[in-house]
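> These protein sequence lines map, in sequence, to chains A and B.
For the first sequence, position 225 matches number 526 in my numbering, and the numbering has no gaps at all.
For the second sequence, position 248 matches number 549 in my numbering, and the numbering has no gaps at all.
Just to be clear, a hint being listed does not mean it is correct.
As the list makes no split between identical chains, a pair holds if one copy fits it or if it spans any two.
As the list claims (entries may be wrong) - Within a straight-line C-alpha distance of at most 20 Å, the following computed SDA-like cross-link-like pairs (lysine to any residue) qualify:
#: 1; residue 1: Lys447; residue 2: Pro409
#: 2; residue 1: Lys447; residue 2: Arg599
#: 3; residue 1: Lys447; residue 2: Gly601
#: 4; residue 1: Lys447; residue 2: Leu387
#: 5; residue 1: Lys447; residue 2: Ala487
#: 6; residue 1: Lys447; residue 2: Gly419
#: 7; residue 1: Lys447; residue 2: Val600
#: 8; residue 1: Lys447; residue 2: Thr546
#: 9; residue 1: Lys447; residue 2: Ala467
#: 10; residue 1: Lys447; residue 2: Ala397
#: 11; residue 1: Lys447; residue 2: Ala416
What the hints contain is simulated information worked out from the structure, not anything from laboratory work.
Number of protein chains: 2
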Amino acid sequence: MRHLADLQTPALVVDADALEANLADMAARWPGATLRPHVKAHKTTALAHRQAAHGSPGFTCATIREVEGMVAAGLGGDLLLANEVLDTRRLGALVADGARVTVAVDSPETVEAAAAGGVREVLVDVNVGLPRCGVQPDGAGALADKARAAGLAVRGVMGYEGHLQALPDLAERARLTEECMARLLAAHAEVGGDVVSGGGTGTSALNTWVTEMQAGSYALMDSAYAAAGVGYRQALHVLSTVVSTSAARPDMPAYAVADVGLKALGMDHGNPSIPGGQVWFCSDEHVTFAPDDGAPVRVGDHVLVVPAHVDPTVALHERMHLVRDGEVLDTWPVDLRGW
Amino acid sequence: MRHLADLQTPALVVDADALEANLADMAARWPGATLRPHVKAHKTTALAHRQAAHGSPGFTCATIREVEGMVAAGLGGDLLLANEVLDTRRLGALVADGARVTVAVDSPETVEAAAAGGVREVLVDVNVGLPRCGVQPDGAGALADKARAAGLAVRGVMGYEGHLQALPDLAERARLTEECMARLLAAHAEVGGDVVSGGGTGTSALNTWVTEMQAGSYALMDSAYAAAGVGYRQALHVLSTVVSTSAARPDMPAYAVADVGLKALGMDHGNPSIPGGQVWFCSDEHVTFAPDDGAPVRVGDHVLVVPAHVDPTVALHERMHLVRDGEVLDTWPVDLRGW
Chain A
302 MRHLADLQTP
312 ALVVDADALE
322 ANLADMAARW
332 PGATLRPHVK
342 AHKTTALAHR
352 QAAHGSPGFT
362 CATIREVEGM
372 VAAGLGGDLL
382 LANEVLDTRR
392 LGALVADGAR
402 VTVAVDSPET
412 VEAAAAGGVR
422 EVLVDVNVGL
432 PRCGVQPDGA
442 GALADKARAA
452 GLAVRGVMGY
462 EGHLQALPDL
472 AERARLTEEC
482 MARLLAAHAE
492 VGGDVVSGGG
502 TGTSALNTWV
512 TEMQAGSYAL
522 MDSAYAAAGV
532 GYRQALHVLS
542 TVVSTSAARP
552 DMPAYAVADV
562 GLKALGMDHG
572 NPSIPGGQVW
582 FCSDEHVTFA
592 PDDGAPVRVG
602 DHVLVVPAHV
612 DPTVALHERM
622 HLVRDGEVLD
632 TWPVDLRGW
Chain B
302 MRHLADLQTP
312 ALVVDADALE
322 ANLADMAARW
332 PGATLRPHVK
342 AHKTTALAHR
352 QAAHGSPGFT
362 CATIREVEGM
372 VAAGLGGDLL
382 LANEVLDTRR
392 LGALVADGAR
402 VTVAVDSPET
412 VEAAAAGGVR
422 EVLVDVNVGL
432 PRCGVQPDGA
442 GALADKARAA
452 GLAVRGVMGY
462 EGHLQALPDL
472 AERARLTEEC
482 MARLLAAHAE
492 VGGDVVSGGG
502 TGTSALNTWV
512 TEMQAGSYAL
522 MDSAYAAAGV
532 GYRQALHVLS
542 TVVSTSAARP
552 DMPAYAVADV
562 GLKALGMDHG
572 NPSIPGGQVW
582 FCSDEHVTFA
592 PDDGAPVRVG
602 DHVLVVPAHV
612 DPTVALHERM
622 HLVRDGEVLD
632 TWPVDLRGW
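Isolated chain A (complex conformation):
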């Protein structure tokens, strides 16, 4: 049995018990096909297999590569590419081979691309308030007609209230989620179909309107979602080694440097956190931090770093290690990276 101490740092480590608790909690709230876990948050088919074991038959993807990898892993029973694609030939090839792939459309161009590439099923992506992809609600019906005219089956609608996921005021988050979902339901009334897909970890306890929940971050978690009070455990850390320490000087307090930097951490939500220390800044391969009083660190110590944003952190690593009580139970390739 390998131990944490045997791992080359920096390394993604996943607390096996925290992960299982998170998967069980979300599956209890959104059982069976009502949960369509988003694989963009972990990019790891071995973890997706665990989500399937907790009852989810279908998954959400953000990239063509994620769809291809899920099919290759035997998880191609009902995949939603919740993203607009103009060259759908790779998706069409998967469909021709028997995978079920539904793709988001929000324009005549994406409808034409889906039909041309051999995709057979679509969701109309509706702008519910986040200025990103998605047709305006009052244009959704016409786009669905276009899709059907092009020979595509329209399964329903999707709309992502991404701008609300980490809104600090929970009551406000709930009120605005209802507003966003009213737009999505209005579009759905024009579009038809069985599916109303949306949501994320931050609204998964508030969104009572979707027929399927697209949450992803709940499985591994990060400090941003922890601050948003979503109630899932921090299962992912980046294991690092202290490579340098500096004693206090008249002009500077004591600090330490660990070997996890901005090439091992998604930085768009800011610096990572270190329990027992204050993070000063990240460089390419280093984090400089001040240990709390009474928590001195020495060269060679291991430090568990909490990323601020899980999705882009995972995308920087080739593998993640499943651990319990310091033992490495399994090593999973992060096999859905790239495009």
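Following the hints, put chain B in place on chain A, whose structure we already have.
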């Protein structure tokens, strides 16, 4: 011949002429062994071969994987791992096979690790002002003695004035660089050896004290260094495709969404730039931007995105494409990623 339009987006594209101009300009300023290009900025051995062709016999690395990859690519003649390492066995194996690998040390622990793992040559890493790794100047001589006592050859000192690289006031950047280098030279007087290694793209025109310059970003460049006025051309862009557009509405101006997001861009320096548009925000796989008046974009258009920080951007991609006049001349694997 492949064209830009054939590339799956997002994709790193490198302007072949801009790259060659950048390499030639830096090699003219720092000829031969006075330039030790830092491969952490591009992680691509094919690009390192171009730097070697411009006269640089040695290279700087930030990770063990970078050192291993450079040796495998036949560029192991004089590699500096400008970083502290506690498990040096992989480096020692390279040395035993004939590569020349010098590693930074800043503590008794890293000296012992170098000797134990089979590394034979070190530089004493000196803290010149950036609170990261490095021994204080007044401790450098004693550490060099320890290294020599452990059987290591001490080639000299290194010290990185990383906190000055993008200082907006050039006169202040020059003044503080001199201060930092005074600390490095004081340490060098105690340590001895032929090498005084340091610097980066932002101080490469100001630092007249080092015997070898560790610049890396100059080859590909980014918007942060461009803003710092370093005088190199933007050779790297992330090619993306517009996948969605939204017309102006009473409550929102027109915007577009391209398929390059924070999983394809280093975000620690903030948002990327888009010539002809204003970037609003990045999501995992998208950038939302407002096209400038008179520069409308349509679904399917290609957009060249300028990353804010080149190093972590490159680390997210599997390959980069060398292009001239829209033609893809070559595709280089980004083969030095990971640890």
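> Against this structure, judge whether each hint is valid.
Results of checking the hints against the structure:
no. : hint             : verdict
1   : Lys447 to Pro409 : within (7 Å within a copy, 71 Å between copies)
2   : Lys447 to Arg599 : between (64 Å within a copy, 19 Å between copies)
3   : Lys447 to Gly601 : between (62 Å within a copy, 19 Å between copies)
4   : Lys447 to Leu387 : within (16 Å within a copy, 62 Å between copies)
5   : Lys447 to Ala487 : within (18 Å within a copy, 74 Å between copies)
6   : Lys447 to Gly419 : within (16 Å within a copy, 68 Å between copies)
7   : Lys447 to Val600 : between (63 Å within a copy, 17 Å between copies)
8   : Lys447 to Thr546 : between (63 Å within a copy, 18 Å between copies)
9   : Lys447 to Ala467 : neither (35 Å within a copy, 52 Å between copies)
10  : Lys447 to Ala397 : neither (23 Å within a copy, 67 Å between copies)
11  : Lys447 to Ala416 : within (11 Å within a copy, 70 Å between copies)
Going through the hint list in order, the structure does not satisfy hints 9, 10.
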